[in-house]
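Participant: Each chain, written out:
Number of protein chains: 2
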Amino acid sequence: MGSTAINPDIASERLTATFDPLELTHLFDGGKERTARRKELEKMLFSDPVFCLRDSIYQSNSELYSATMARSVKLFRLQQEQNWSDEDLMLVLRIIREQHCLSLHHSMFLPAIERLATEEQKERWLPLARRYQMIGTYAQTELGHGTNLMELETTATYDKATDELVLNTPKLSSIKWWPGNLGKSSNYAIVLAHLVVDNKRCGMHPFMVQLRSMVDHTPMPGIKLGVIGQKMGGNFNDNGFLFLNNVRIPRENMLMKNAQLTRTGKFLSSGPNKANYATMIYVRVMICTWTFGALSAAATAAIRYSSVRRQSTLSPGKQESKVLDYQTQQYKLFPALATGYACFFIHKVLSAKYQAMLIDMKSGNAKALPEMHAWSSGMKALLTDIAIYKMEICRRSCGGHGYLRASGISDMVCGATPLATVEGENTVLYLQVARYLVKQIAKALTGQRTTGTTEYMNMNETSYICPLQKPGDCRNVDFLCELYQKRAYRTVLKVAQALQRDMESGKEEAVYMNNNLQPLVRMATAHCYYVAMRNFVDGLASVQVSPPARKVLDKLCCLFGVHYIVTLSGDFLESEAMGLEQLHWLQELELQLLAEIRPDAVTLVDALDFHDETLSSAIGCYDGRAYERLYEAALKEPMNQTEVEPAYDMYLKKLIMEGAQSKL
Amino acid sequence: MGSTAINPDIASERLTATFDPLELTHLFDGGKERTARRKELEKMLFSDPVFCLRDSIYQSNSELYSATMARSVKLFRLQQEQNWSDEDLMLVLRIIREQHCLSLHHSMFLPAIERLATEEQKERWLPLARRYQMIGTYAQTELGHGTNLMELETTATYDKATDELVLNTPKLSSIKWWPGNLGKSSNYAIVLAHLVVDNKRCGMHPFMVQLRSMVDHTPMPGIKLGVIGQKMGGNFNDNGFLFLNNVRIPRENMLMKNAQLTRTGKFLSSGPNKANYATMIYVRVMICTWTFGALSAAATAAIRYSSVRRQSTLSPGKQESKVLDYQTQQYKLFPALATGYACFFIHKVLSAKYQAMLIDMKSGNAKALPEMHAWSSGMKALLTDIAIYKMEICRRSCGGHGYLRASGISDMVCGATPLATVEGENTVLYLQVARYLVKQIAKALTGQRTTGTTEYMNMNETSYICPLQKPGDCRNVDFLCELYQKRAYRTVLKVAQALQRDMESGKEEAVYMNNNLQPLVRMATAHCYYVAMRNFVDGLASVQVSPPARKVLDKLCCLFGVHYIVTLSGDFLESEAMGLEQLHWLQELELQLLAEIRPDAVTLVDALDFHDETLSSAIGCYDGRAYERLYEAALKEPMNQTEVEPAYDMYLKKLIMEGAQSKL
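Residue numbers (the working numbering), protein chains in the order written: chain A, 1 to 664; chain B, 1001 to 1664.
Warning: the hint list may mix true and false statements.
[Said to hold, decoys possible] Examples of chain B residues toward chain A, derived with CB under 8 angstroms:
{"id": "1", "residue": "TYR1065"}
{"id": "2", "residue": "GLN1133"}
{"id": "3", "residue": "ASN1199"}
{"id": "4", "residue": "GLY1222"}
{"id": "5", "residue": "GLY1226"}
{"id": "6", "residue": "TYR1512"}
[To be verified] No farther apart than 27 angstroms at their CA atoms in a straight line, the calculated lysine-lysine pairs in the DSSO-like style are these:
{"id": "7", "chain 1": "A", "residue 1": "LYS318", "chain 2": "B", "residue 2": "LYS1507"}
{"id": "8", "chain 1": "B", "residue 1": "LYS1362", "chain 2": "A", "residue 2": "LYS322"}
{"id": "9", "chain 1": "B", "residue 1": "LYS1507", "chain 2": "B", "residue 2": "LYS1551"}
The set of hints was computed from the structure by calculation and includes no laboratory data. All values derive from a computational prediction rather than experimental measurement. Just so it is clear, CB atoms sit at the ideal spot from N, CA and C, and this is done for glycine as well.
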């Protein structure tokens, strides 16, 4: 105890590496300079206890909120003092695992003003918001409505007499519910509401509403605010609810870039704004990189712990074996690691495509929008689905200790699982992808050429021959892509044909669409796996690395491809992308790859280079001192500050004493 | 608000039921009288706020512990006053969702004395323990060791001079870590330690150790105790750690039924105790029924909520549709519901077999032990694996609200997930099953008849013809069992042959076993699916129900069988249990069954008859008033008791004010 030595069981792991982890660290950071900058920021931040994250597990929500607010305010002071670039700010937020109280102000409120306000409104609000005088959030979701925006119930009714808009949440189901930083932090919100003029609905629009007094932060008249209560994770965020009861705002507080309301009550709309879609896509692309961070953190903790945990033995009579030496443990952890790496490279490809689209859109070309929408929606849904699943596998691979919050992994899982729900619930997203695919396959079947992610739809299926002709072919990741492609094609085709049949048979659209809803999700998933594999391969090909690093990255990419074919083998057999012989080869290769990756496993997670404080995992620190740190963490539990709990005197003592007396 | 009307969207669901839910309720409870008794106990318990469970989400661990202790003490007073039968006590613990502080005393401490102590020791300890003068736990797991008992590091060294045993946890990794109720509640523990006599190790044995003073509950000399810290769930339980530093106990405190230590230091062992195995099996059988409770609670909350949540529409222009009407939602929830029902019937079969084995063992016949061990281990592992997975699907199907702890489902998931780890980590259990299967297939291949769960190993594979010859055959659950059987047989055979090959090729056992570890897990899983399906079918056949109830239960059983074939289709195709045509029929049938179960969905969860207080789910109550209850729960959050958080005055105010000043 108290020593700072490296656990020899993890030290020995670092001697078997076949590549230099620093090379990959630079790749992840975006260059050597960015790594240096990150380390500089980490050093500065973590020298201040306000930025330390790991002691939060015993705090009440109010204490946690207070500590997070202290961190947030300090952070934005530093940002101003040190004049951080946007890139620096992003880095800092990653370093503190996004644990601050004003995230919506930056991620939603400021961008929404930029996007939705007129120039005059921007001049009015942006300076105040940038100086944190206005602190805002974006209030859209209601207690009774999330996905279907058209049915939101909040109203903004124009009162011509006073030139004001009157906002109301008419029913309990209409109250705003979930917006981050709404409950306690924000003094302003952009509220999404139905504009009503002369008893006519004029669509959903954004309105700037003051929530709290600038003098003492108390709620404004007609406004009732609070937090929505304890969550499974992320309790540092004051996700809130908002009642609006005849709240009056000037007409000029409607954000009027895309639609205007005149003094006389005339409503003008300039139509849907493509920039809104671009923002939605941006967030989905961002989620792919958060997913990379979350899964690779969980893999880091689990793999490091598995290198110091010993249990039973593979060679009777010898010392207990490291659990990482068991094939079953490798089977849990290495596909998770490969999936984490996949998220990085997929995000890289997706992000580049997104940037290219933005440039095109600036010159008026929005042709890439539909594909980018389907692509980003699909990757967000697939990557979050598989990553959250693998994170839970990592957590359970740590046995009982993975259930302790000090292990960090349970908080990682609970913190990541909402990614499947937010910014487009995954099933809803798969259905959006499916809609795009149905259109594309219809094009392809009528002889039009499809391109990009659906280029494969031009395939002539009859000429397909499985590219895996001998076991060695299975290491060719391009061949694996072909299998994914074939599976996607056949699955899409089958569903499209079923829809066509149902349509032609005269069934009602509502009926046949619902009868095929799950097959539509399944076909979108098949497509997304193909895109993910293709993007991983392409992303990997696009980077410059030394041969030893390339070799191990290729193995991870191959494992990713093989693992999901083997796991979902039914789909590949059903679509005749391969036969039983190929399946057998792939099953053998999967186990072979586990053994090949084994010597590099700890170094592959070291390369991700999470700062111990960022990781906040007692079992996953660089030094491998899992037991010491678990014990130290337990000692901080408030119940361990006294020998005897008050509950003894209040209840237990009497039970014990009565037992003693009844003996007499 | 404040009204107690039933939400009409859930009321209408109860009008479409095709069977009487009360009939199934009686089945689950074990008869009409047991249902009446449960309702009587629920009424009595929940009239006392000490038994109410739902306000725990805002309590600190110390507050939660205190409330739980108050409940526990009250409970055991009632037990004594009202002279509850063991059956009543079990029922009460189920009603309060096992949320009490002395569970290990009943589930481990008392049974361990019964099983491991001599008659003389029983006379000494049992009366004290039954009167709650001694409150105990069972301390086995250490910080560094769980599964491999042989390597536990705690020692009990015999000191002949004083006729005492000296207990020590020599290293940090040796401290006892995890035992329930150890940290703060227990004043005694049965400690597992290596007996050391004359510097010789004499194996692991149980020792009765006093932990705390009977006068003031402070730790005894040489003992250091505490809780292990915040967990992902179950924080009402004071899972603890224990250091033993030269703790002296009389020699007579070694529990000596199965091994004795004489005054002269002579060690005598009567060999392994089969009753110990029976106890281990008992706990695994029990976990199957807890799994039933946990999954069916999650399904109840999710299905009820899905009947009152409306979102988007299936028929354009009409009212928003209930989310339960979407095929995708049914696909998430109904297989979960069917799996919950499966757990009930599987437990029923398993429990009857276990009771029969106990009777045999009393007359000296322990022949059934190896199969029961494999059977119970396999069902524990498979049912917890699939149930926890389905519970998380249920939780996510509730969108954002499923992330709120008030929804209850997040606590259900976090509370159930350790079932995969405790009482035999699932991977370890699958490997135990695999070992049994390897022995059995070797028998079968050498012409000996295998019986019971492995009877299928006598199969003549060449004469297998897929029993599904037309779509209608897929509803025959016995046919489905044959497919599961064929898949299990082929998978077991393949691995056994691989092991045989490796063995004959002269590879070291340690090497070839580890090279086949994951295939061994896979083959055990295949076997367990078959046993689960067979047990579900047999359990269902064994009960007397009316034709309408039988019809809907048959559908659930069929859905269970079909769902896992379709989900794991690769394994069934690979083992040639079916072909692509059969897969297609089964895929169609699965969707068809969702539609058929739809009208009964809410009634099928009503039949489980969870008391609202037991369920503790704001979104899952019988009345369907999800939004009202979510809002009411949020109002209880301590942060909502004031308009402005202290963090405003401490931090935020300055940030806002500085912003305002910099404007001047």
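Participant: What hint numbers does the structure not satisfy?
Facilitator: 3, 4, 6, 8, 9
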